[in-house]
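Peer 1: So you can see what is in the structure, the chains are spelled out below.
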Amino acid sequence: MSRKIFSVFGLLIVASMVLAACGGGTPAAGTERIVETVIVEVPVAGDAAPLPPPAGYGATLAAVQARGVLICGVNSQVPGFGYIDADGNFSGIDVDYCRALAAAIFGDSTKVEFRPVTAAERFTALQSGEIDVLSRNTTWSTVRDTELGGNFTATTFYDGQGMMVRAGEGITTLADLAGGTICVQTGTTTELNLADVMAAAGIAYTPAVFEDADSTFAAYAEERCDAVTTDKSGLVSRRTVLEDPSAHVILDVTMSKEPLGPMVRHGDDQWFDIAQWTVFALISAEEFGVTSANVDAAKANPSNPEVARLLGNEGDLGLKLGLSNDWAYNIIAQVGNYEEVYNRSLGPDTPTYIPRGLNSLYTEGGLLYAPPFR
Amino acid sequence: MAQSSSQAASIPIWRDERYLKLIAQIVFAVVVVLTANYLYQNMVNGLRQQGTTLGFTFLGGIAGFDISETLNDFSRTSAYWQAFLAGLYNTLLVSIVGIVLSTILGIILGVARLSINPLVRWLSAAYLEIMRNLSLLVFLIFWYLGVFLKLPRVREAVEWPGQVYLTNRGIVMPWGLPTETMPMYRTILIIGLCLALALGLVLFLRGRQTGKPPLTLLWSTLALILVAVIGWFVVPAAPLSLDLPVIQGLNITGGKTFTPEFMALVSGLVLYTAAFIGEVVRSGIQAVSRGQVEAARAIGLNPFQTLRLVVFPQALQVIIPPLTSQYLNLTKNSSLAIAVGYPDLFYVSNTIMNQSGRAVEMISLVMLTYLTFSLITSVFMNWYNARILLVER
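Chains as they are written, first to last, in my numbering: chain A, 1 to 374; chain B, 1 to 393.
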């Protein structure tokens, strides 16, 4: 009898422990209550008007410094912007931006890990923190700047959407493409612009949509479509890797504005500032004529006070960014100024030559304009 | 009995297997619920940190992109949910066409594998072994880049008799375009279908009474065809007008175009899945005992009759469960369409995900949809399986 009572007590104790375990995470007790609580919390998460403070100011820089390497989301398929060259090295202006950012943070442009991301997965990779910064010929647009949880820092390349066709097919305008098939890559602003432009012009066409740049251009090369569309820079660079580049012409139409630039996550203003002023440092250095070759001379003997502030001789601009004061010096010494970066990947000596055009300094009729270093 | 009850009472609770089992079940359930809750909260917190929240209202927004082939009226200004539907229909189309074709091919292969003709047997065996050991993704890309995109250009199109054109823009064939009498004709067809069903039911019931089953299916089908033919001539104008493909400039206009993407996906899925179905059919046939075949031959059935009347009905019981999983595989594998650019459910959802930035919602929706497809297929096949099991006795 006494044993029976004991076993009943034992059962009660175990049961109460189980219930306590259930109630651990929630105010209510009991297994069933938990299920209810989960359902109830959905609207709370949706409506929560005052969102708790986000990841926080300075968190990204601290994480990057603790890791000792910057992780940069890049393209690996567009020569001149982000490409793995024959030696297995990454090259292109988007890639060089990453190197400049690493130089600003660590004083060492090699402390960067390049992570190729597709057009479709890039924003998720940035949101989830898999990459610290996205530098992958990404167009600045409203939805991306807001709903996709990112901030564009600055424009590194002013682009516009173009259309490439095979030479000798008599296609000179978009209207000639009526009834034709156009290859386009999914998950891009290009896909949306194409639909917009063709609808506005009343031209009927069939899209052939592909997952990445390689398959888009492979299908075009196989003549699956009459034309292929992407940013003009992308067309120029992809044309160089087609079998016979001279057999393809880029139509003289610009279908959209495509400002390309690096993007960071919402919620860390310090990181945003660093990513943004790295671009401005590159542009200002070109404006002041400071190059990787003469940066030491310029630091020893600055031509004007702003150069002195840029290179860290005067003031503490670097410290205000949370970096060392010679951050811009490191960028210029190790990566160069904007012109050097541009010419290395897109200059006249490269197969992917694109004239500077809009991407000249404002002093030379272009759009590149950096705020003062002060 | 008295002894056993006193024995049960004497076991302390921490050694009583019945309680221990119960407690283990409870603990397991609690762990599952807590883990699920933790994962969910983790996701919600992660989204909150990014400043985004969960919700499906974005599906009403304007899609803004075009889809190359749709079965519904989708255009640039349609909503995201309509784009999702377009993808859903395309997946359904590929799955249904794929299941029908791969079943036919699979049965032929499975039977050929057991043929007494060595050439047929070896060919079939070689095919099955090669296909089953290939990667489906590689195979699909082979069909797309290696076969359908290598067809001649539009200007050099290969023409098959009956104005069928083979080009790298797709396979174009004459097609019927519905005219204004189509709704009327459709009504006639529905009436014909009802008639055929009624006739079938009457014949079936009479067969039960007399014990001599008539050819129910044959007569019903004949009735339907008769109504369809009469209806065609009764309506004032032909309900379908023939639309012939014509090469015009860059493209072929008119007719029905089966795009290279669709062709590559269907060919790849069918040829691949048929190999597995072939093996399923072979194992099912071999599971029927030899005595059954010998008995059937002894009473004078020819080989085809033996197969149709004796072997197949019995083999079906063995075949159906693994066949179901092959059907499920085909449906799920159709999501590889993304590799060849066919706008199926997953592909379109991927585009929506990217343009709207709603990854969690879209992935959940896609998973839920595939789950629903699979469950519906399973339920149907299980019902069919139960039915043929009943017929056995």
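If you are wondering where the hints come from, they were derived from the structure by calculation, not from laboratory data. Some hints could be false.
Incomplete in silico selection of chain B near chain A, CB under 10 Å [to be verified]:
1. Asp-66
2. Arg-76
3. Gln-248
4. Pro-322
5. Thr-324
6. Ile-338
7. Asn-350
8. Thr-351
Beta carbons: idealized from backbone N, C-alpha and C, even for Gly.
Peer 1: Compare the structure with each hint and give your call.
Peer 2: Hints, verified against the model:
no.: 1; hint: Asp-66; result: 5 Å, holds
no.: 2; hint: Arg-76; result: 4 Å, holds
no.: 3; hint: Gln-248; result: 7 Å, holds
no.: 4; hint: Pro-322; result: 32 Å, violated
no.: 5; hint: Thr-324; result: 31 Å, violated
no.: 6; hint: Ile-338; result: 6 Å, holds
no.: 7; hint: Asn-350; result: 6 Å, holds
no.: 8; hint: Thr-351; result: 5 Å, holds
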